[in-house]
Amino acid sequence: MNVLLPLPFVLPLAGAALMLPAWRSQTWLRLLGVGVTAGVVAVSVALAVEVAREGVITTQTGGWPAPLGITLVADRLTVLMLVVSSVVLLAILLYAVGQGVVGHSEARPSVYYPAYLMLSAGVCLSFLAGDLFNLFVGFEVMLASSYVLITLAPTPARMHAGTMYVVVSLTSSILFLTTIGLTYTATGTVNLADLSTRTEDLPAGTRTALALMFLVVFGIKGAVAPLHLWLPDSYPAAITKITAIFAALLTKTAVYAMIRTQTLLFPQHDVGTPLLVLAALTMVVGLLGALTQQDIHRILSFVLVGHIGFMVFGLALFSVAGLTGAILYLVHHIIVQATLFLTSDLMQDETGETSLERIGGLAGASAFTAVLFFVPAMSLSGVPPLSGFVAKLALLQAGFGSGRTLGYAVTSVAVLASLLTLVAMSRIWTMAFWRPRSQAPAPELPPEEKAGEEPGLSRQQRYSHRLVRTVTAGMVACGLAVAVLAGPLTSWSVQAAGDLLDRTAYQHAVLGEEAP
Amino acid sequence: MSLVLLVVVGVLFSIGFYLLMQRSLIRIVVGFVLLGHAANLGLLLAGGPAGAPPLLGRHLPGGERMTDPLPQAMALTAIVITFGVTAFLLALAYRSWLFLDEDKVQDDVEDRRVNAEARRGAGDEYASHEVAEEDHG
Numbered sequence: 001m002n003v004l005l006p007l008p009f010v011l012p013l014a015g016a017a018l019m020l021p022a023w024r025s026q027t028w029l030r031l032l033g034v035g036v037t038a039g040v041v042a043v044s045v046a047l048a049v050e051v052a053r054e055g056v057i058t059t060q061t062g063g064w065p066a067p068l069g070i071t072l073v074a075d076r077l078t079v080l081m082l083v084v085s086s087v088v089l090l091a092i093l094l095y096a097v098g099q100g101v102v103g104h105s106e107a108r109p110s111v112y113y114p115a116y117l118m119l120s121a122g123v124c125l126s127f128l129a130g131d132l133f134n135l136f137v138g139f140e141v142m143l144a145s146s147y148v149l150i151t152l153a154p155t156p157a158r159m160h161a162g163t164m165y166v167v168v169s170l171t172s173s174i175l176f177l178t179t180i181g182l183t184y185t186a187t188g189t190v191n192l193a194d195l196s197t198r199t200e201d202l203p204a205g206t207r208t209a210l211a212l213m214f215l216v217v218f219g220i221k222g223a224v225a226p227l228h229l230w231l232p233d234s235y236p237a238a239i240t241k242i243t244a245i246f247a248a249l250l251t252k253t254a255v256y257a258m259i260r261t262q263t264l265l266f267p268q269h270d271v272g273t274p275l276l277v278l279a280a281l282t283m284v285v286g287l288l289g290a291l292t293q294q295d296i297h298r299i300l301s302f303v304l305v306g307h308i309g310f311m312v313f314g315l316a317l318f319s320v321a322g323l324t325g326a327i328l329y330l331v332h333h334i335i336v337q338a339t340l341f342l343t344s345d346l347m348q349d350e351t352g353e354t355s356l357e358r359i360g361g362l363a364g365a366s367a368f369t370a371v372l373f374f375v376p377a378m379s380l381s382g383v384p385p386l387s388g389f390v391a392k393l394a395l396l397q398a399g400f401g402s403g404r405t406l407g408y409a410v411t412s413v414a415v416l417a418s419l420l421t422l423v424a425m426s427r428i429w430t431m432a433f434w435r436p437r438s439q440a441p442a443p444e445l446p447p448e449e450k451a452g453e454e455p456g457l458s459r460q461q462r463y464s465h466r467l468v469r470t471v472t473a474g475m476v477a478c479g480l481a482v483a484v485l486a487g488p489l490t491s492w493s494v495q496a497a498g499d500l501l502d503r504t505a506y507q508h509a510v511l512g513e514e515a516p
Numbered sequence: 001m002s003l004v005l006l007v008v009v010g011v012l013f014s015i016g017f018y019l020l021m022q023r024s025l026i027r028i029v030v031g032f033v034l035l036g037h038a039a040n041l042g043l044l045l046a047g048g049p050a051g052a053p054p055l056l057g058r059h060l061p062g063g064e065r066m067t068d069p070l071p072q073a074m075a076l077t078a079i080v081i082t083f084g085v086t087a088f089l090l091a092l093a094y095r096s097w098l099f100l101d102e103d104k105v106q107d108d109v110e111d112r113r114v115n116a117e118a119r120r121g122a123g124d125e126y127a128s129h130e131v132a133e134e135d136h137g
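In order, the protein sequence lines correspond to chains A and B. Here UniProt numbering is used: the first residue of the first sequence is 1, the next is one more, and so on. Here UniProt numbering is used: the first residue of the second sequence is 1, the next is one more, and so on.
Do not take every clue at face value.
Away from chain A, derived, C-beta distances all over 10 Å, residues of chain B [unchecked claim]: (1) Val4; (2) Leu5; (3) Val8; (4) Ser14; (5) Leu25; (6) Val30; (7) Gly36; (8) Gly42; (9) Leu43; (10) Leu45; (11) Ala52; (12) Thr67; (13) Met74; (14) Ala78; (15) Arg120.
Ranges between beta-carbon positions, derived for each pair [claimed, not checked]: (16) B/Ala91 - A/Ala204: 43 to 49 Å; (17) A/Gly35 - B/Pro49: 49 to 55 Å; (18) B/Glu117 - A/Trp23: 44 to 50 Å; (19) B/Ala91 - A/Gly403: 51 to 57 Å; (20) A/Arg53 - B/Thr86: 26 to 32 Å; (21) A/Pro385 - B/Val80: 47 to 53 Å; (22) B/Glu117 - A/Ala46: 37 to 43 Å; (23) A/Thr470 - B/Ala91: 34 to 40 Å; (24) A/Gly35 - B/Pro69: 20 to 26 Å; (25) B/Val4 - A/Ala46: 50 to 56 Å; (26) A/Gln397 - B/Gln22: 44 to 50 Å; (27) B/Pro49 - A/Pro203: 38 to 44 Å; (28) B/Val11 - A/Leu68: 44 to 50 Å; (29) B/Phe17 - A/Leu20: 25 to 31 Å.
Simulated from the structure, these hints should not be mistaken for laboratory data. Positions of the beta carbon are idealized from the N, C-alpha and C atoms, including for glycine.
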């Protein structure tokens, strides 16, 4: 029994409830939102310390023993994801607080803040869930809030994107529910630890079918090619700070669930070969797609799809080295993808445009934004010594160490995909930042802004400008911190990957010592 | 009994997916509702045959089996979730109707742009006109 364990999702739920009676007061919404999210960060760090000291920790909510009650589990992977996600959630919330005053957001804060907290609750619950059905509930809480967020401040384009997003997500949720039903029929339990002891006795055919169904479910939610088609059409339509949180967390939560279910339930790894092929396909499709786009948000969305392939690649290798790479990549990508979307929002602030055809000369207009874009863009492309390099290196080493022909082939595709990322990022860099403004056929450009020094801006606007830029700079610094702390982070990830493949620590923590 | 329900689940799934492929949002909503029913029935089937009410501390006369309560609890939760989401979908369809004057899933703008560019390559005046209009719209 651990009191801290439910807090990462109970706090945001309570916060969202407390927002309802006082929804008129902007100050209250902001204070409560930031306070609760900061609380989640603190709890996550405390949980990480505890896991480092004691190993896997569990809580049986409601007091029923393990296979019957609702189990919450935190192991090394869980707390790592919790810490990184809560920091990103806090950063984007602060960004939204800053942008709320000026910026180009017409969203109603009384809807935005509670929905955002519900999203945080769903994400944290998905990480902590110790049984399949709770995982489903976590996903539903997260997705239901995302439906609200993506259609916030509705325009026709947003309605179109939102409708498609909702329908696709709902289809995958129904499939998830069906898969849970089938799993229960086959094994008689939905507790992950209990399941992990029972899947070995299933006939190989049933097991493979279940593994494939989980793959399809989380493949849709995580945008693994060829199930990715919804993502580049829906994400860019939302308000950019919302796209940032979607891109950072929603797909990564699905990848986390994929890693969790495949390692824990299907250690025989029957679906390794299709996973490797899908990983390669995702990288190629995503990044080639990115090269054909003109809109910055769409480029970033396609790049996001491509990089999901890297994480799936790490999982598909199914070795300690491969999973270590996947975990490092998750951490790196959550931070860097969010930073890139926030920076693209800053660029939109400067120019009012997101299409590469119409913007240019940003390097002269705002050198600060240029630096904020350059660092995460290079990190995403895997340029040393940034965080992307650390994660990619781990993956490539795992790929070359796999000793399988297909492993080598996909590793080469990964190298190619990194180069394509570099091309896509350089395209934004040269077109938006270095092309002379005269060559960019922009209809009108607002006057250059030197953050907060113009007499035309009110004190509140200056404050907001500064906050937005500070938060983005902070996110860039987080990305750099991942690179600086690569040593401890890698050893933590190696241990987490070892625990994932070993499974006994998880089973013992949930079911007690008598588990096989 | 179980076979009948299995067939029902299969039929519900096929009709649901068929309706999901339609353009009209209302049909999509109905399709989603049917899919939800199919999944919930599937959950119920997962619990095995029916039996005595599963109450704690109740002693059953020889040989009678208790119903498995867990799938029912899960089905209840799932019903609540699908109910809420269906309400949201209906609101979305209404909003979409207010905005676009029709409750249909629209063509994708980007697809149309690529399409139009291809046609423009073939010297189609109308296509470029269409894109220009969209850019302003």
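Going through the hints against the structure:
no. : hint                           : result
1   : Val4                           : holds, 17 Å
2   : Leu5                           : holds, 12 Å
3   : Val8                           : holds, 14 Å
4   : Ser14                          : holds, 13 Å
5   : Leu25                          : violated, 7 Å
6   : Val30                          : holds, 12 Å
7   : Gly36                          : violated, 6 Å
8   : Gly42                          : violated, 4 Å
9   : Leu43                          : violated, 4 Å
10  : Leu45                          : violated, 7 Å
11  : Ala52                          : holds, 18 Å
12  : Thr67                          : holds, 14 Å
13  : Met74                          : violated, 5 Å
14  : Ala78                          : violated, 6 Å
15  : Arg120                         : holds, 15 Å
16  : B/Ala91 - A/Ala204: 43 to 49 Å : holds, 46 Å
17  : A/Gly35 - B/Pro49: 49 to 55 Å  : holds, 52 Å
18  : B/Glu117 - A/Trp23: 44 to 50 Å : holds, 46 Å
19  : B/Ala91 - A/Gly403: 51 to 57 Å : holds, 54 Å
20  : A/Arg53 - B/Thr86: 26 to 32 Å  : violated, 46 Å
21  : A/Pro385 - B/Val80: 47 to 53 Å : holds, 50 Å
22  : B/Glu117 - A/Ala46: 37 to 43 Å : violated, 54 Å
23  : A/Thr470 - B/Ala91: 34 to 40 Å : holds, 37 Å
24  : A/Gly35 - B/Pro69: 20 to 26 Å  : violated, 39 Å
25  : B/Val4 - A/Ala46: 50 to 56 Å   : holds, 53 Å
26  : A/Gln397 - B/Gln22: 44 to 50 Å : holds, 49 Å
27  : B/Pro49 - A/Pro203: 38 to 44 Å : violated, 22 Å
28  : B/Val11 - A/Leu68: 44 to 50 Å  : violated, 34 Å
29  : B/Phe17 - A/Leu20: 25 to 31 Å  : violated, 37 Å
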